[in-house]
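**Q** Sequence:
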Amino acid sequence: MNRSFVSYSLILFVAIVVGTVLNALSRDQHVADQEERLTLASASFVSVLEQAIHEKVLINKGISAVFEADQALSLAQFMRTAETMLAESEAVLNIAIAPDLVVEYVYPLQSNQSVIGLDLRQRPDFARGVNRAIEQKTTILDGPFDLVQGGQGFILRSPVLVTQNSAEERRVWGMISLVIDKNMLFTSTGFFENSPNLELAVHNHQGDLLFGAPDLRDRDPITAPVQLYGVDWVVSVAPPDGWAQSSPNMIRLWAVVAFFTVLALLVMRAFNWAYSRRQRAETQLMEAIEALEDGFALYDKNDRLIACNQRYRELYRVSADAMVIGKSFEDILRYGLKKGQYEAALGREEEWLAERLRLHTSYGTPTEQELNDGRWLRVVERLTPSGNTVGFRVDITSLKDALARAEAASAAKSYFLNAVSHELRTPLTVVLGYNTFLANPEILPTFRALEDAVLEADTSQLQPKLVAYNDDVKRFSKQIDTAGHQLMALINGILDLAALEEGTLQLRREVVSLTPICNSVVEQLQADAEK
1459 MNRSFVSYSL ILFVAIVVGT VLNALSRDQH VADQEERLTL ASASFVSVLE QAIHEKVLIN
1519 KGISAVFEAD QALSLAQFMR TAETMLAESE AVLNIAIAPD LVVEYVYPLQ SNQSVIGLDL
1579 RQRPDFARGV NRAIEQKTTI LDGPFDLVQG GQGFILRSPV LVTQNSAEER RVWGMISLVI
1639 DKNMLFTSTG FFENSPNLEL AVHNHQGDLL FGAPDLRDRD PITAPVQLYG VDWVVSVAPP
1699 DGWAQSSPNM IRLWAVVAFF TVLALLVMRA FNWAYSRRQR AETQLMEAIE ALEDGFALYD
1759 KNDRLIACNQ RYRELYRVSA DAMVIGKSFE DILRYGLKKG QYEAALGREE EWLAERLRLH
1819 TSYGTPTEQE LNDGRWLRVV ERLTPSGNTV GFRVDITSLK DALARAEAAS AAKSYFLNAV
1879 SHELRTPLTV VLGYNTFLAN PEILPTFRAL EDAVLEADTS QLQPKLVAYN DDVKRFSKQI
1939 DTAGHQLMAL INGILDLAAL EEGTLQLRRE VVSLTPICNS VVEQLQADAE K
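Our numbering applies: residue 1459 is where the sequence shown begins, and numbers increase by one.
Warning: the hint list may mix true and false statements.
In the PhoX-like style, the derived pairs of lysine-lysine whose C-alpha atoms are separated by at most 20 Å in a straight line are [stated by the list, open to error]:
| # | residue 1 | residue 2 |
| --- | --- | --- |
| 1 | K1858 | K1932 |
| 2 | K1759 | K1785 |
| 3 | K1796 | K1785 |
| 4 | K1797 | K1785 |
Have a look at the derived ranges for each label pair, beta carbon to beta carbon [as the list claims (entries may be wrong)]:
| # | residue 1 | residue 2 | range |
| --- | --- | --- | --- |
| 5 | N1707 | G1609 | 24 to 30 Å |
| 6 | R1792 | A1862 | 29 to 35 Å |
| 7 | E1751 | E1813 | 43 to 49 Å |
| 8 | R1538 | R1629 | 35 to 41 Å |
| 9 | L1861 | I1938 | 40 to 46 Å |
Simulated from the structure, these hints should not be mistaken for lab results. Keep in mind it's a predicted model, so treat the numbers as computed, not measured. From the three backbone atoms N, C-alpha and C, an ideal C-beta is built for every residue, glycine too.
Model the full assembly from the supplied sequences, consistent with the hints where possible.
**A** Following this line, the structure appears as C-alpha cells:
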C-alpha cells in the first residue's frame, strides 16, 4: 500500500512538473510569437510611415524644382501644379510657398487664406525648423505644431535654392512648407486595420507622445526607430492586454496532461496489481517450498542458482555459504569438495565431479549421495519446459538404516532357517530313522533272539505277553512316527516360506486323501480327549 501511494504521488508530481514546464514553454513560445508579430508589425508600420513621408518629400521637392526653374511662377500655374501633385496624397492639409520666408501662395486657398502673409521668422517655433532647413539645405520634417488654420500637424520644409551669377553659388530663394495632419499621417499607414489586436504609440526623442496610447511605454513594448529628414522618433507596439502570463492553450495543455496522468495512473494501477499478484504468487511459492521437508533448488538454463529453500542449505551445511543466487552448480560442488563434504569423492575429486555433472544433466536418473556426516541423500533432478533445472534432495538416512536392519534381520532369518534345516531337521531325521526299528522290531536281531527264546521255552504265559508288548511298541512307534513327520512337515513349511520370499519355491499339485490325516489327528488327541 505504501509503495502504491509513493508511485501514485510520484506520477502526480511528475505530471504537475511536466504540465508546469510545458505551460511555461508554451507561454514563452507564445510570448516569442507575440514579440515576433509585434516586431513585424512595428517594422511594417515604420516602413509604411517612412514611405508616406518620402511621398510628401517628393511632392515638396517636385514643387521646389518648379520654383527653382521659374521664380516668377503665377498663382494659377502654382495652383494647377499643386492640385496635380496633391491629388493622390493623403494627410496633406496644404502647401505654402514663402519667397523670402513670407507666405505668398497656399493651396488649397479655401480655409487656408489666414496663412497668406505669414512671416516664418516671426514664429519662433517655425523659425527653428526653417533655419535648420536653410543651414543644411535639405528637407526637414518639423513639429508637431498648433496650426494657424487650426489643429496640429507636421510641417515638411524644403528650401528653394536658385543659382546666382556664378553657377557654383546657390542662394535660398524661399521655403516650401507642406503641412501634414498629425493624426492622418499615422492612421494612413493602415496599421490599425492590419493589426486590430495591437496598440501603438509614437514618441519623439524627448519622450513626448506624438500619437497613440499614452501609457504604452510603461508596458514593455517592442520599439523601432524612425530617423529621417531630421526626425528622431520611437515607435512602440504592445499587446492591448499586456504580455501573456500563461499559455493561450493552457486549458487544452492541462487537459492533455490530465489525460496522460490518468492513463499513467491506470497503467500504474494495473502494474501494481500485476506486481502484487506476482509477489503474492512468489511468496506463496516460496512459503510452499520452505514448507517442504525435502531440499529444493532451482537452477537456470545456464546452471546458475535461482532459488533454494532452507532445508536444502541444512542438508548441505558445509556448502551453505556458497549457495548464493547466481552461483553456478559446478562452483557450489567445488566448494563442497574443497570442504570434504562428499564421502565418495575423497581422493578422487575431479573424477567424482565429472560423474556428478554428467548425472546432473542426465535428468530423471535418481542417485544416492553419502555426505561426510554419515547422512544419505536421494537426488532427483528434472528439466522444466523453460530450460531450468529443478532438484530435490531427500534425506534417506533413516531408510538406509532401516534397510540395514532389514538386511541384518534377513541374515538372522537365513541363519535361523539354516539352523532349523541342519540343527533340527538332521536330528529329527535320525529319530524318525530309529523309530522305524521300533515300528518293526522283527528286523532287530535282539528281538528275534528274544522271540526265539520265548518260543523255545514253550511258556504259554510269556508268548501272549510278548505279542501284546510288540503290539504296544508298534502302536506307540506309529504315534512317534506321525508326530515326527508332522514336525518335519512344519520344518519343511518354514523352509518353503523362505523359498517363497526368495522366489525359488516350486509347487507340485497332487491328490491328497483326507482319511489318513483325520485318523492321525484322532489318534493324537484321543488320549487328551479321554482324560
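**Q** Take the hints in turn and mark each one as holding or not.
**A** The hints, checked one at a time:
no., hint, result
1, K1858 - K1932, "violated (57 Å)"
2, K1759 - K1785, "holds (13 Å)"
3, K1796 - K1785, "holds (16 Å)"
4, K1797 - K1785, "holds (17 Å)"
5, N1707 - G1609: 24 to 30 Å, "violated (46 Å)"
6, R1792 - A1862: 29 to 35 Å, "holds (32 Å)"
7, E1751 - E1813: 43 to 49 Å, "violated (28 Å)"
8, R1538 - R1629: 35 to 41 Å, "violated (27 Å)"
9, L1861 - I1938: 40 to 46 Å, "holds (45 Å)"
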